[in-house]
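Enquirer: Residues per chain are reported as follows:
There are 2 protein chains.
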Amino acid sequence: MHSLEGWGIDRGAIISILGNRSAAQRKLIREAYAQTYKEDLLKALEKGLSGDFERIVLLWTLDPAERDASFANEITRKKNGSYYVIMEIACARTSDELLLARKAYLNRFNKSLEEDLACHTTGDFRKLLVPLVTAYRYEGGEVNMGLAKSEAKILHEKISKKAFSAEELTSILSTRSKAQINATLNCYNDQFGNSINKDLRSKENEEYLALLRATIKCLKCPEKYFEKVLRLSMKGIGTDEETLTRVVVTRADVDMKRIKEEYYKRNSVTLEDAIKGDTSFDYAKMLLTLIGHENN
Amino acid sequence: MHSLEGWGIDRGAIISILGNRSAAQRKLIREAYAQTYKEDLLKALEKGLSGDFERIVLLWTLDPAERDASFANEITRKKNGSYYVIMEIACARTSDELLLARKAYLNRFNKSLEEDLACHTTGDFRKLLVPLVTAYRYEGGEVNMGLAKSEAKILHEKISKKAFSAEELTSILSTRSKAQINATLNCYNDQFGNSINKDLRSKENEEYLALLRATIKCLKCPEKYFEKVLRLSMKGIGTDEETLTRVVVTRADVDMKRIKEEYYKRNSVTLEDAIKGDTSFDYAKMLLTLIGHENN
Numbered sequence: 001m002h003s004l005e006g007w008g009i010d011r012g013a014i015i016s017i018l019g020n021r022s023a024a025q026r027k028l029i030r031e032a033y034a035q036t037y038k039e040d041l042l043k044a045l046e047k048g049l050s051g052d053f054e055r056i057v058l059l060w061t062l063d064p065a066e067r068d069a070s071f072a073n074e075i076t077r078k079k080n081g082s083y084y085v086i087m088e089i090a091c092a093r094t095s096d097e098l099l100l101a102r103k104a105y106l107n108r109f110n111k112s113l114e115e116d117l118a119c120h121t122t123g124d125f126r127k128l129l130v131p132l133v134t135a136y137r138y139e140g141g142e143v144n145m146g147l148a149k150s151e152a153k154i155l156h157e158k159i160s161k162k163a164f165s166a167e168e169l170t171s172i173l174s175t176r177s178k179a180q181i182n183a184t185l186n187c188y189n190d191q192f193g194n195s196i197n198k199d200l201r202s203k204e205n206e207e208y209l210a211l212l213r214a215t216i217k218c219l220k221c222p223e224k225y226f227e228k229v230l231r232l233s234m235k236g237i238g239t240d241e242e243t244l245t246r247v248v249v250t251r252a253d254v255d256m257k258r259i260k261e262e263y264y265k266r267n268s269v270t271l272e273d274a275i276k277g278d279t280s281f282d283y284a285k286m287l288l289t290l291i292g293h294e295n296n
Numbered sequence: 001m002h003s004l005e006g007w008g009i010d011r012g013a014i015i016s017i018l019g020n021r022s023a024a025q026r027k028l029i030r031e032a033y034a035q036t037y038k039e040d041l042l043k044a045l046e047k048g049l050s051g052d053f054e055r056i057v058l059l060w061t062l063d064p065a066e067r068d069a070s071f072a073n074e075i076t077r078k079k080n081g082s083y084y085v086i087m088e089i090a091c092a093r094t095s096d097e098l099l100l101a102r103k104a105y106l107n108r109f110n111k112s113l114e115e116d117l118a119c120h121t122t123g124d125f126r127k128l129l130v131p132l133v134t135a136y137r138y139e140g141g142e143v144n145m146g147l148a149k150s151e152a153k154i155l156h157e158k159i160s161k162k163a164f165s166a167e168e169l170t171s172i173l174s175t176r177s178k179a180q181i182n183a184t185l186n187c188y189n190d191q192f193g194n195s196i197n198k199d200l201r202s203k204e205n206e207e208y209l210a211l212l213r214a215t216i217k218c219l220k221c222p223e224k225y226f227e228k229v230l231r232l233s234m235k236g237i238g239t240d241e242e243t244l245t246r247v248v249v250t251r252a253d254v255d256m257k258r259i260k261e262e263y264y265k266r267n268s269v270t271l272e273d274a275i276k277g278d279t280s281f282d283y284a285k286m287l288l289t290l291i292g293h294e295n296n
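Chains S and R supply the protein sequences, listed in that same order. Per our numbering, numbering of the first sequence is gapless, rising by one per residue and ending at 296. Per our numbering, numbering of the second sequence is gapless, rising by one per residue and ending at 296.
Take the hints with a grain of salt, since some may be wrong.
Cβ pair distances, simulated, as ranges [as the list claims (entries may be wrong)]:
hint : chain 1 : residue 1 : chain 2 : residue 2 : range
1    : S       : 189       : R       : 235       : 54 to 60 Å
2    : R       : 140       : S       : 238       : 40 to 46 Å
3    : S       : 37        : R       : 74        : 54 to 60 Å
4    : R       : 281       : S       : 144       : 43 to 49 Å
5    : R       : 51        : S       : 195       : 54 to 60 Å
6    : S       : 94        : R       : 149       : 35 to 41 Å
The calculated BS3-like cross-link candidates involving lysine-lysine, where the alpha carbons are at most 30 Å apart (straight line), are [to be verified]:
hint : chain 1 : residue 1 : chain 2 : residue 2
7    : S       : 127       : S       : 149
8    : R       : 79        : S       : 149
9    : S       : 228       : S       : 276
10   : R       : 158       : S       : 158
These are computed hints drawn from the structure, not numbers from a lab. This structure is a prediction, so every number in the text was calculated from the model and none was measured. The beta-carbon is built from N, C-alpha and C at its ideal position, and this holds for glycine as well.
Chain S on its own, in the form it takes in the complex (with noise of 0.2 Å):
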């Protein structure tokens, strides 16, 4: 790669270089970029790059744990910022990942993630929001069907008597495994006759519910949370392209086929043709080549 200093960039070469490498390959190259030309190529591309393609190419540069502490921290210092964003990074990610995402948060703002959260939050959102994101979970399978029996009883206590934000509520969803929190949820389906969250509906709090019911599809099946998150961004006229642009770089190694294969199923349209319908030029291209169709 060519010093990116004074060539006029060549935006096709950054798409195709850095568009088809892993993470770990992408360090590497953030690496030999600083050795040999003496600059972070982060800020290389900034200088270079502007608009919805500068943000994509230099989100999807960054180390993940890094992304989604910056991420986190443009919700912690927004006045309207979307909760959604921290609920992914606490739900969606391993919990390894979880962790590293708050260490680099702390080495980089000298403050912790639940501390500027909590902060930032009251009520019902702080306490669903700050146990999800300290949570440190189990990633095995195994799972007891007593236990999950015994809390789909609580769930539906609780949400009988509208204590949505109730801790044995969210200290289920924010300590259990997903397997464990799946099988708590198969039950409450097979002991009260619908899903949870059809039950998760009031005339009250709708956006504190709106919330609670998308944390619970991310956790059970991330795949049908990203592909509807993907389709309220493309959905009417205009994009939402910055919510695009994070679904994209955050799950383009994860399970971009899966949400590919949901986004068909739901839509009728493969998400390639959606995204070419709703983006144009480089940051279409860019967004083509990490679902993993740089030849269109």
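Got chain S; can you put chain R on it based on the hints?
Expert: Only chain R this time, still in chain S's reference frame:
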């Protein structure tokens, strides 16, 4: 080191070899022993030793994170376990040591520490302990004095209303850096004329309040906290060997020097003399070796 098998154990050698080694050195000894004799050193020690001496040797030989995991699990399995042990792990370790202890817990017990703790505790105890064990605090010395003042006020408001487990209070104690908490506690003193622990008294809920005061003391000044725990473990007739062992083993290579200073200041007796008066034989020798007086 000879194999312990078949020789009759040389307890003096165990004291002088293991007692004078750092955690990293103990780890190497354990690895070398396993390679040479095809047996875990811990298992060999377990077979050959008994009583308080066995317990202290085993706990000392364990990797610190495994040791904490094992302490914590003893508590989450017991009916009347002491939550002080869990609080110490949460408050008197570095942020990374606490994470390692949580990882060791997960690896060994296939559940997360906070999961077992949330199940095992209720009410105020849960509201305080779960956030404490999931903390990952900033460890730098930077302090925000404006924040310290405003949070001292929040603490005072909650305490005046006897809301001793209010989220605002537990959130400050579990997310702020120790330096920041220290500043907040000093502001509390300045603004309200007495230390916070003076105000944390009430006829109801005495057991929880005692834990809360201990938590604050342990965060603010661990050597004073541990001085008191040691003092109480040797008070009156009979010794609480379990507690004495725990404090000596976990603080020996951390802050034992300062604990000994505090001990002498408070009791006008050196810690070594107190230990000699309360314990005997190899157990006493091991304690004295670990607190740094191997020649007594």
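Enquirer: Now, for every hint given, state plainly whether the structure supports it.
Expert: Outcome of the hint check:
Residue 189/S and residue 235/R have their C-beta atoms about 56 Å apart, which keeps the hinted 54 to 60 Å range intact. Against the hinted window of 40 to 46 Å, the Cβ-Cβ separation of residue 140/R and residue 238/S comes to about 43 Å, which satisfies the hint. Between residue 37/S and residue 74/R the CB atoms are about 55 Å apart, so this pair conforms to the stated range of 54 to 60 Å. For residue 281/R paired with residue 144/S, a C-beta distance near 44 Å keeps the hint of 43 to 49 Å intact.
Between residue 51/R and residue 195/S the C-beta distance comes to about 56 Å, which sits within the given range of 54 to 60 Å. In this structure, residue 94/S and residue 149/R meet the distance hint of 35 to 41 Å, their C-beta atoms being roughly 40 Å apart. Between residue 127/S and residue 149/S the CA atoms are separated by roughly 24 Å; this keeps the pair inside 30 Å, and the hint holds. Between residue 79/R and residue 149/S the CA atoms are separated by roughly 23 Å; this keeps the pair inside 30 Å, and the hint holds.
At most 30 Å may separate the alpha-carbon atoms for a hinted pair to count; residue 228/S and residue 276/S meet this at roughly 18 Å. For a cut-off of 30 Å, the pair hint linking residue 158/R to residue 158/S stands: about 26 Å separates their Cα positions.
In the structure shown, no violation is registered for any of the earlier numbered hints.
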